[in-house]
Each structure stands twice: as C-alpha cells, then as structure tokens.
Amino acid sequence: MAIRVRIPAPLRELTQGRVWLTLDMPAGTVDDVLAELGRACPAVRDRVLTETGEVRPHVQLFVGDESIRFTGGLATAVPDGAEVSIIPAVSGG
Amino acid sequence: MPATRELRVRQDQVLLMVGTAKGLFLFASNPGRDQWELGGPFMPGSPIYSVARDARGGERLFASVDNPFFGTTLRMSDDLGKTWSDGTTGVIKFPEDTGLSLKRIWQIVPAGKNGTLYAGVEPSSLFVSHDRGEHWELVRGLHEHPHRAQWQPGAGGMCLHTILPHPTNADEIVVAMSTGGVYRTRDGGATWEARNVGVRAEFMPDKYPEFGQCVHKVVRHPARPDTLFLQNHWGLYRSDNGGDSWQDIANGVPSDFGFCMAIHPHDPEVVYIVPLEADMYRCTPEGKMRVYRTLDGGKHWEALTNGLPQKNAHETVLRDALCVDALNPAGVYFGTRSGKVYASPDGGASWNLVVDGLPAVQVVRAYYMGDPAKARIPRGRAAKAKPAATKRAPVRAKAAPKQASKKKAAKQAVKKSAKKGAKKATKQAMNKAAKKPAKKAAKKRVARGR
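Chains as they are written, first to last, in this note's numbering: chain A, 64 to 156; chain B, 40 to 489.
Some hints here could point you the wrong way.
Claimed, not checked - Derived, one-sided and incomplete: chain B residues facing chain A with beta-carbon distance under 7 Å: (1) Gly110; (2) Phe242; (3) Tyr320.
Stated by the list, open to error - Partner residues aside, some chain B positions facing chain A, computed with beta carbon under 8 Å: (4) Lys61; (5) Asp125; (6) Tyr247; (7) Phe250.
As the list claims (entries may be wrong) - Away from chain B, derived, C-beta distances all over 12 Å, residues of chain A: (8) Arg110; (9) Phe133; (10) Pro151.
No lab work stands behind these hints: they were computed from the structure. Don't be surprised by glycine CBs; every beta carbon is placed ideally from N, CA and C.
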C-alpha cells in the first residue's frame, strides 16, 4: 500500500534532496495523492496546485507514462504501487 | 542551473538587493559605495518582483519569487542570503471563500510593531503578517471593498504595488494599485476610502474619477507623513493632507510619465524620479539616462546626469527599481530593464555603474548594515571631485532670492497665456521660465552635495 511521487529537480530542496517520496496510502485518484502529498510535504503540493485546487498551468502530472491531461485530470485513477511524476512543462523564455 | 556565487555581507556595509527577471542578486559595498561585490543569482530562473529586509528581532531578508512553473512564493533568509526557505508556511494564500489564487507578490513592507509585515499582491489585495512573515492573513476590509469589481488590470496586471504604513499611527495605511488608485485606512484596515481627488485618469472618459487611476508609485517621508508624492500613469502629484487631495507638480520635467519614485531619507522635500517618454514608448526621453530630482517638493525638477550615459540610452526603470539608502550623504540606486545598476553615493550628484549585464532589473532596495548615524563614510572618488559632498545643506535651498525675478517672469507669462485661454501654453511658459533658475540653483546644490 504505497504510491511513489517523483519530485522534479527544482523542488528537491523542499524534500531534502530526495527524488522520490513514498506515500503510505491505498490506491485512489491523483487528487487523493496530492492530498496525501500535502500532508507529507505541503510546500511541494502548494507548488503543484493553486489555492483553488487547479494544477498550475505549466506543471504536468503523469501516472506512470500517461499525462493526466488525457486520462481524466485529477480524477485519474492511481493504482497501488504506481508512480506519479511532477514535471515542469516545456515552456517559458 | 547556474552556480550561485555566495556573498558575505558584513556589518558597516551597504547591502543592495537587486531582483531581476531571472533571479535575485545581492551586492555589498563599503559605506563609500564605490566597491561592490556580487552574489547570486539566488532563486535562478525566477522573476523577483519584491524584496525587503527586516532587522527587527534579527536579520531576515525577503524575496517574492515568481516561479514560472510552480507559482509565487515568499522566500526568506536569516543568514543574509546564504540560504533561503519558505519559513513555516511560506506561501501567501487567498482564503478558499474568495475563489482567488495568488498571481504575484508586488510589495513586502515591514511596519509598526516588531514582526508586522504587509504584502501587496496580484490580484489587488493586501495581506498582513504579525510573526515576521511566517503566517499571513488577507486584509478583508480592502478585499471586500465595493469598488473591487471596477478595479481593472494595468499592463503589469491588477496589482497592489505600494504600501505606506503611517510611521506613528499603526491604524493608518495608504496603498496604491494599478488600476484603482490610492486608498487609505485609518482604522487598521477595516474600512478604506479612495483618495484620488485631483489625480488624472488619462484613459477614462471622466478624467478625474473617484477611483480607477493608474497610480505607479507613491512615497512619503516618515518625518512628514501627511505629505505624499505620487508618480502617476501621466502625472506627478503632491498631497499635503495625507492623500485627501493632490496638486500637479510636473514643473520642468521632460515627461510626467514614469514608474518609479523615491524620497530622500533625510529631507521630505527631496524626491527622485526617472521620467519616460510616453506610455507608448516607455523609455528615457531623447536617449538620455536622466534621474530627475526636486529639492523643493516639486516646484522645480533638475536632471541628474553626472556619470550617466547621455547618448543612445533608451532605458526603462520600473516602479520599484529606484531606491535610496539611509546614509548621509544618501545613496541613490536604480536598475534598468537592460540589466544595468547605477549607484550614487552623494544624493544623485554623481553616478557609478555597479553592474552591466544582469537580467532585466525589477526591484532594487538598499540597506546599511548597522546604525546609519554611526557609519564611517570615506571620502571617495565623488567626494574628492566635490569636496563639500559630505557637508549637509539645509532643507530649503537658499537660491530662492535669485530666482525671484525669473519667477515673476514666469507668473507674467502664465497670466498672458491664461488670458488667451491656452492652458497648454500656460504650462509650457511656466516650465520654460522655471527651467533656467532651477538649473542654476541645481548647480549650486550639487556643489553642496545634495
């Protein structure tokens, strides 16, 4: 009963350098994972979601290799043992 | 990511914090302000819109970090920039019931009692912290103001960018926003009144509305808190009644459009601006990098150019990219969107290039590390060039008698023009007549190191 979250390099100062955070939780949705992430490391969650609960426009979330943009957004299912990746979008100047 | 160069800031140095479009840079100099060491970039890649130092209860630096991917956070450092953290909670958040999310932190200002800080944000709102930035709460009185629905974003966004706490009355605060204008509370933030009488809104059908002006910056001196100076989106103004009404003081400036404004640390009549050509061409007029200074509260303005490029300098200085330090003679600093930072160790009489080649400069703030009254200021290059530079001149310039006849001429010109009913010509005549004496007086004042 665990889900692993991959932390992107710019946010690793908030996880003491750890690349992976292991969340002790059952299968659920991306929303559930982010709620659990908020308890384990609120600073990371706040950089992924706005106050209104939306994923920031230039952040991408993947469950395994699939972007949640195409699989149901925050309602995307996350099976037990899955890996969720937080990835800054390719944008900016 | 680039390597960050550490900077050891020592007591008796001036710390210059420079927020850019791609991170924070710190500079430190001796009190002569002529030898700068560089540190940074801190938070590389992220625009820094606001910085502050709060030395009450221990050193703490603040920087608002507008990460293009991960949103805006307030970072703080308790070791003069070596390490930065979120503090306990770090993130300024809109309460859920507002349905809003934070876009940017435009201003951080320590105020009143130890530990109190205000933050001005986008969308236009004011937050307060009573524990040195660890926790923040929305100032509901302003947030729920009935005018809110009619505040509109300017080109930079709908931002509350200026916060002026009253130096002795904790209940009184003046804020300014673009657009929206100036608002004042006298009951600690519970209720707010628009304070824009006399301030023009060039872009509105009603040119003098109760609110809706695009105010770019307001300053005030702690020794005379009821006097305010305002740089508007077109217009320079002064108020002597805490913002109840405003008078035009654009006397002899090449343009009254601009963003930044700073007030002298020891003289409430001395104000600095950097005029820009126009809202359609937001660069220094005639390709000349000129800071303008008034020594008499806006009656006259003089160009400060010694050490600044006067050819091919099409520069932009943003609203928080001009500041002063607390030393005497005062240091004046500004940064440009082309990445240059200039410093004057003598109140603007002469300027040195601190650095060229930074990302676009968005904010500069300067702090003396120690008691400014005890600073040992060496006679540096500028002081040598002008031997009297460290001698403090009186608040009011003594050049007034010599100006009398010219002033009279100016008044006559005004009268003549007024008869013709040409309002524009009146202003031009005033400016023309006022220009020469101001220039003469300026030379004398510069020689005194003002």
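Which numbered hints turn out to be false for this structure? When the structure is compared with the hints, numbers 2, 3, 4, 6, 7, 8 and 10 turn out to be violated.
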